[in-house]
Amino acid sequence: MALLDVQNLEVSFVTRNGTNKAVDGISFSVDTGKITAIIGESGSGKSVACYSLLGLVPQPPGRIDGGRALFEGRDLLQMDEHQLREIRGRDIAMIFQDPMTCLNPYMTIGKQLMEPLLYHRKVAREAARERALELLEEVGIRDPAATIDNFPHQFSGGMRQRVMIAMALINEPKLLIADEPTTALDVTIQAQILKLIAELQHKRDIGVIFISHDLAVVADIADTIVVMKQGQIVETGDREGIFHNARDPYTKKLLAAIPTDSKAPLPGQPEPLIKVRKLCTWFAQGHGKEPVKAVNDVSFDIHRGEVLGLVGESGSGKSTIGRSILRLVPVTSGEVNFDGTELTRLEGRELKTMRRRMQMIFQDPFASLNPRMTVYDTLAEPLLLHGIETRKSVAQGVLKLMDDVGLARAFVRKYPHEFSGGQRQRIAIGRALATRPEFVVADEPVSALDVTIQAQILDLMQALGREYGLTMLFVSHDLAVVRHLADRILVLYHGKIVEQGSGDDLFERPQEAYTRQLLQSIPGRSLLA
Amino acid sequence: MWRFITMRLLQAIPVILVVITATFFLVRMAPGGPFDSEKPVTREVKAALEAQYKLDLPLYQQYFSYLGDLAHGDLGPSFKYSGRSVNELIAAGFPVTAELGLYALLVALGIGCLAGIFAALRPNTPQDYIPMSAAMIGICMPSFLLGPLLVLVFGIYLDWLPVSGWGDIPGDKILPSITLGAAYAAYIARLGRAGMLEVLNQDYIRTARAKGLPEWQVVLKHSLRGGMIPVVAFLGPAFAGLLAGSFVVETIFQIPGLGRFYVQAAFNRDYTMILGTTVFLSVLIVLFNLLSDILAAWMNPRLRAQYGK
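Chain order of the listed sequences is A and B. As numbered in my numbering, residues 1 to 529 make up the first sequence, in order. As numbered in my numbering, residues 1001 to 1309 make up the second sequence, in order.
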């Protein structure tokens, strides 16, 4: 018998605008000692389905309309709050997406770890602490005795996720629900956490539900894959079946959206558009302390029409390089030469003229768009500011931009919050292109987007790059995305370039240990190669 | 931490200096003087009085001489209560005001926190609307209206509590404390509700629920600390407001506190008394603001680590 057997689960949200069916009759099961992955884009109902099993969907507005969820033969959906509470944290434990916000910042991790033990098992405080130390050790926290009384902010994201995992496992649950546990983490940390989850699951022989938006992430660990779309299951199968013989068109689309190929190299170029020499950008850290050397002695060229990829983990300085070139952060030393002009010495009016030729696209389009401005205002502003269009012709210019980035003209009077993430990124791209720049810095432009949307935006950027003859610096922590788009790739580590080369060179013949480590961290390599 | 406190205390010096200077010259600009009364005194007597209190010197000299005395902690003699110094008068009146303020603060914190938490647990239901509407009324109702109303209901119609006095009849401290604390209870309720609501929507509260903790533990152990930080940060300004408000309440309930001296001093043009009370209160307010900031920072482990260095 399956450990958890969900049948025809239906969950809806009752809002002022009517009832919205989030989960529409899904059935799946989880066996002891197996990992069931639930894959779907945001809004597909995958998280809601799992939260509703444990009574963690607030009711109202949530409402469970029907179905059964048999956990060891007992129906979770029929239990009252008291019975559910007995199961939560003891028999079924959870790990959440963002370890930064999921741990209580006001309590030491030790206290938070011991809580489920103290509450469910009524063990003595000393014994609970002993057990917490053991588990911290097991999930790979260095020197648990010294860190158990620290607060969450004293740990890195990856370490916090380890603490979350320890907390979930402290009562030896039979089922673990992991909701996008690696989405907020860097690619190398992601690989470590995935490995850890798989190891612990194997060792304890427990069932796992692994929720993710990214098929590639679960490629190495899932036994069964359930693909969800708009509240329904479109396909269920084992790992091999899904990756090699997917039947449903949506699954195929998800698989196709995983970037795998390399771009063909550009023909030889004479004079580069941008020459960066010995660039250093340091941030002072209060007096008496060593400055943070975010970018430390970096030199490279970007040729006209080239897409240069910049990869590295958070803190490697990749975003800072882009911002330094655009002079959005003060440069400590070094030279940035743009088409024969030395940028680091420009001031005032000259800088403004230069800025028109260089634009930036940010990771979070929602944060970088003014919520009080319509699409029209957002796109018209740079056109007028830089004198590209006159008051009379500006409307035409805005519509042309909207066509270029694939936004329907009917949306012209809408505000940012009325758009989806992908559409907002289109607006942001449109705004960046409004000044007809020659050079664009794209800082993680797709990492906040769902996989299929990500693929659309990447295609758009590629097409626009050709149409506008753009030179691009493409910053990302995702190697696969960069490989797909970039002509050349620089690998950054601690503010320095450790390796550079074409996508194929780097992927097939990595020279440096760090590059190899990055490559090995890409999820699903074995199945996607 | 000590560095932070020292910095804040140093920053307070110019603030207090500005308060002293502004008060000093504003009071002098008001028409009339301490020795003008209905019964005219002879020119010689007035001149002698003014010489005794150094009022015959040029204004700037009076100002610097006042600052000099102040540096020694001497607030000068009272112009109205001859033979008594401002220091003595403050020492006599302040304990009463402080006691009233303390009780009012307890009333405000007790009622405010409970109402705020209670409302936040079930937002947008009657459990939220009723205490929050009451809080809105509490904020809008001035103490000079609430005080007499309470006296009327509990002192006269129901005859449960004494209508005035302080420490003479058992129970006479209840009505003034409630009158003074009510508006702050209302503010604290609203702040507490907002703080708790924000925390209760955090991801880590979901984590706590996923651990299977009962709801009371989720609220008390996981939410309260974060949710109450805005309330703690408000305590400093609230204290200032309580001191200012106590003057009205002391007048309504005939309480011999500092407030009544202060108000009378203004009518009497008792220059040193006005200045002395102002300086004394502004120092207290600065200190309490510092105290509530330290407390709020200490409650947040991240800030604690920052200032701890």
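Do not take every clue at face value.
List time: in silico DSSO-like cross-link candidates among lysine-lysine, alpha-carbon distance up to 27 angstroms [said to hold, decoys possible]:
id, chain 1, residue 1, chain 2, residue 2
1, A, K122, B, K1054
2, B, K1221, A, K111
3, A, K203, A, K122
Keep in mind that the hints were calculated from the coordinates and are not lab data.
Each hint tested on the structure:
no., hint, in the structure
1, K122(A) x K1054(B), "violated, 76 angstroms"
2, K1221(B) x K111(A), "holds, 10 angstroms"
3, K203(A) x K122(A), "holds, 25 angstroms"
Hint violations for this structure: number 1 only, all remaining hints satisfied.
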